[in-house]
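S.K.: Chains as they are written, first to last, in our numbering: chain A, 67 to 427; chain B, 1194 to 1468.
By construction, these hints were calculated from the structure, which means they are not laboratory data.
Please note that the accuracy of each hint is not assured.
Claimed, not checked - Only some residues are given here: those of chain B computed to face chain A with a beta carbon under 8 Å:
| # | residue |
| --- | --- |
| 1 | G1369 |
| 2 | P1371 |
| 3 | I1373 |
The beta carbon of each residue, even a glycine, is placed where N, CA and C say it ideally should be.
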Amino acid sequence: MARLNLDQVSKSFGTAEILKAVSLSIEDGEFVVLVGPSGCGKSTLLRLIAGLDPMTSGTLQIGDRVVNDLAPAERKIAMVFQSYALYPHRNVRDNMTFGLKFSGMKKDEIDRRVAEATRMLQLGELLERKPRDLSGGQRQRVAIGRAIVREPDVFLFDEPLSNLDAALRVSTRVEIARLHAMLRATMIYVTHDQTEAMTLADRIVVMNKGRIEQVGAPLDLYFTPANLFVAGFIGSPGMNLFSAHLTQAAETLTATTGFGYALPVKGATLASAASVTIGIRPEHVLFGETPYQAFSARVDLVERLGEISYLYCATVNGTPLIAEWRGRHTPSVGDTVKLSADPGTIHMFGADGTRVPDAVR
Amino acid sequence: MSRRFGPAAVHVILIAYSLIALMPILLVVMNSFKARKAIFGAPLALPSSETFSLIGYSKVLGNSNVGMFFFNSVSVTLISMASVLLFGAMAAWALAEYRFKGSTLLALFLSIGIMVPIRLGSISILHTMVSLDLINTRLALILVYTAQGLPMAIFILSEFISQIPKDLRDAARCDGVPEIAIFFQVIAPLLRPAIATVAVFTVVPIWNDLWFPLLLAPGKETQTITLGIQQFIGQYVTDWNSVLAALSVAILPVIAIYLIFSRQLIGGLTAGAVK
Ligand SMILES: Nc1ncnc2c1ncn2[C@@H]1O[C@H](COP(=O)(O)OP(=O)(O)O)[C@@H](O)[C@H]1O
Ligand SMILES: [Mg+2]
């Protein structure tokens, strides 16, 4: 019913090419989150899907219709904005019904939908209030309600939680997840917040500079990032990345970093003398005696969060890295620690930045 | 010292300005309630029990022509104001919202109207009205005043429109609200403070204008109040009682318009629309 298909979609504003041949398929009922740094074109892509801006080239299908030339209202989408965009001089009820009235819908049907949305979002006692008399969280719930009453095939969210404070952000996030479970509608959700992306998404689309870097389930992106950008973007604090140099001695290929960390590697695409990047997540750094290759580093700063602490370290040649420490008795600032990692958790990226699978032995 | 001095100095200047601006009006209103002798005898005195007289008012209000002049002024002013507001708001929205062939040129053309006074075109306006056979009609005045008010109205309203969050019209579009309803039911209500400002700025020069009524509608039937009052001013004798009373009455509608719109002038533009 409401599959969504983007084929080679491009968008330029004047001479600036903002989206470059984006192709993406979204299944019916799927919750897809678009993430990426600010300015990478997430909102632009969402607005193209909504029909608020025309595409420069490409095709967009919703369900089995090509909707390139359809107005937003004809696409059976509903959009929730970061700024809520409620009609300021209408009360909550009128905010929800205003658009429906133009569709020639019967009054009973409108009432039924409003009642249902009101129940789902607990808007009961707010119905007669004006937006200015609501808190931020309530306004966002009304904005979501206005989307629900349209009973759209596809929900579009553009950073809906960014204007809320931290506690409200968590509870509204849970509410959106619950809503998706209840409605089973296709949802496309834009955010620059990783936690939102990881917790809400069936699949995450990582974007950068108008291109899709990788599409995958949250944990796939975490465990097997397709390239350096995704490796650095997913996960917090970000993955430690060390540039290394490949050397061939007898049968074995070895990647050596500037601070003497040497890892035996394999891989058809790897050749002697090439530059590669080694990636180790802070949470995969091991301390002390392990069966694995190790290197030493000095602790510069300790950030204690409770159950875990982050050690900001520098290797012998000054390369910075972050290591996660579990437990209470952290090393002190100035200590030298012996660090290593299980080869199974070490990532390797070729000179072009793409992942080399199973490279570290 | 200078901190306290700044606002005080500003207030002194403002109060002085208000006095200078209000003095003539006060003088007119005051003297309109006095007998003719007292107007000349002690023009600065308040009306007292001896000098109080309503002769001017009874003459003016009893004069059937004055009622007609008044009606002419009110109808011309209100219809012109309504046209300026309606077309000004629509044009400002269109220029801000839609890109079409020549939209930049059109915006430029309209801004010329702010800089060039319309009276410079009086001769050709007169020609046009003669050839359209509109001389001595109120329509002629309405057309000219609408043209006169539009550039400034569009300029002010464009400023306000650019402050309305774009998300609002996007939300309405996603909601299936037709473009015309987006303007009239979503955007226009938010423009109320701006519309009130423009209304006040538009009405005053139209109401007070003597030039175009004299030029385009000097006929007995179509005279406006500013023109009509001139009949009390004679070459040899001027009926000052009537002139002052008529002037006092003529101030009232402008005050009324101001009072109506000043409530709208206050109040937030998009309070609650966005965070
Ligand atoms: N209407 C526009 N005109 C010109 N440039 C635009 C317009 N809208 C967005 N852009 C540019 O497109 C880029 C992507 O913007 P956007 O999609 O809003 O990024 P984000 O990923 O932060 O949502 C930005 O560099 C922005 O400046
Ligand atoms: Mg954005």
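S.K.: Given B:G1369 as an interface hint, is its Cβ closer than 8 Å to any Cβ of chain A?
M.R.: holds (3 Å)
S.K.: Hold the hint about B:I1373 up to the distance rule: shortest CB distance to chain A must be less than 8 Å.
M.R.: violated (10 Å)
S.K.: Holds or violated: the hint that B:P1371 contacts chain A, with Cβ atoms closer than 8 Å.
M.R.: holds (6 Å)
In the structure shown, a violation is registered for the earlier hint numbered 3 alone.
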